[in-house]
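Asker: Sequence:
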Amino acid sequence: MLQLKRGVINKIRKGYFISSIIVGILAPLICLYLFPEFDPRIHPISYFGILQNTSLIFIISLIIFSISIFWNGITIIEKLIKNTQYKFWLKLTLTTASICLFLTGIIPMNLGPFHQIPALCFFLIYNFFIFLFGIARARSYVRKGLFSVVTGSLMLLSSLLLIPFPSYGVAEVVYIFFIFFWNIIMWLQQQKLIRI
Numbered sequence: 006m007l008q009l010k011r012g013v014i015n016k017i018r019k020g021y022f023i024s025s026i027i028v029g030i031l032a033p034l035i036c037l038y039l040f041p042e043f044d045p046r047i048h049p050i051s052y053f054g055i056l057q058n059t060s061l062i063f064i065i066s067l068i069i070f071s072i073s074i075f076w077n078g079i080t081i082i083e084k085l086i087k088n089t090q091y092k093f094w095l096k097l098t099l100t101t102a103s104i105c106l107f108l109t110g111i112i113p114m115n116l117g118p119f120h121q122i123p124a125l126c127f128f129l130i131y132n133f134f135i136f137l138f139g140i141a142r143a144r145s146y147v148r149k150g151l152f153s154v155v156t157g158s159l160m161l162l163s164s165l166l167l168i169p170f171p172s173y174g175v176a177e178v179v180y181i182f183f184i185f186f187w188n189i190i191m192w193l194q195q196q197k198l199i200r201i
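Heads up: the sequence shown begins at 6 in our numbering, then just goes up one per residue.
Take the hints with a grain of salt, since some may be wrong.
[What the hints assert, rightly or not] Ranges between beta-carbon positions, derived for each pair:
(1) Phe185 / Arg148: 18 to 26 Å
(2) Ile27 / Leu116: 27 to 35 Å
(3) Ser60 / Leu198: 21 to 29 Å
[To be verified] Using 35 Å as the maximum straight-line C-alpha spacing, the simulated DSBU-like pairs for lysine-lysine come out as follows:
(4) Lys19 / Lys197
(5) Lys149 / Lys87
(6) Lys16 / Lys197
(7) Lys19 / Lys92
(8) Lys16 / Lys92
(9) Lys10 / Lys149
(10) Lys149 / Lys96
Please keep in mind that the hints were generated in silico from the structure rather than gathered at the bench.
Glycine is no exception: its CB is placed at the ideal position from the N, C-alpha and C atoms.
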């Protein structure tokens, strides 16, 4: 019975994660279709959250993603990290980052700091989560841990894209790409579809 429940949960998790990837592809395309003037060099991605015709898509997408990265992250931690001390800190940082992303989605951009603070916290904390995960993983498998350390470092370096552009839209696009890339690779690895 327990094995059956676990199998059902795994199927639901797999379906939810795949659905999240599809949403991650379709939602930006729909938003761009509804607001073709969008330019990441000028507008931040959160701008979609204050436009009347894209705000609902933006909010729902961020809520879906916050749940998805949390669920995927917890599964990865449980399957790949053996050290209980690392598990605690990884779960804490992941939970905090997911809550921050959830708040970023439900708090409108026009509320200024109330939107910007959780957005900034997500940017810093989720980046730290991936980096810390890499450190924890490297204690057993150096090469596999290095993948997460490098990805976390590149995510942090994406903030340098704030320098040449008046908006943080370009930095956000690159950062989001790394989030998707890391989560997909780690999910494929735990499904034993790839080895890194």
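Asker: The structure should be examined with respect to each hint, and the outcome stated for every one.
Answerer: Now for the hints, and whether the structure bears them out:
| no. | hint | in the structure |
| --- | --- | --- |
| 1 | Phe185 / Arg148: 18 to 26 Å | holds, 22 Å |
| 2 | Ile27 / Leu116: 27 to 35 Å | holds, 30 Å |
| 3 | Ser60 / Leu198: 21 to 29 Å | violated, 36 Å |
| 4 | Lys19 / Lys197 | holds, 13 Å |
| 5 | Lys149 / Lys87 | holds, 14 Å |
| 6 | Lys16 / Lys197 | holds, 15 Å |
| 7 | Lys19 / Lys92 | holds, 22 Å |
| 8 | Lys16 / Lys92 | holds, 24 Å |
| 9 | Lys10 / Lys149 | holds, 30 Å |
| 10 | Lys149 / Lys96 | holds, 19 Å |
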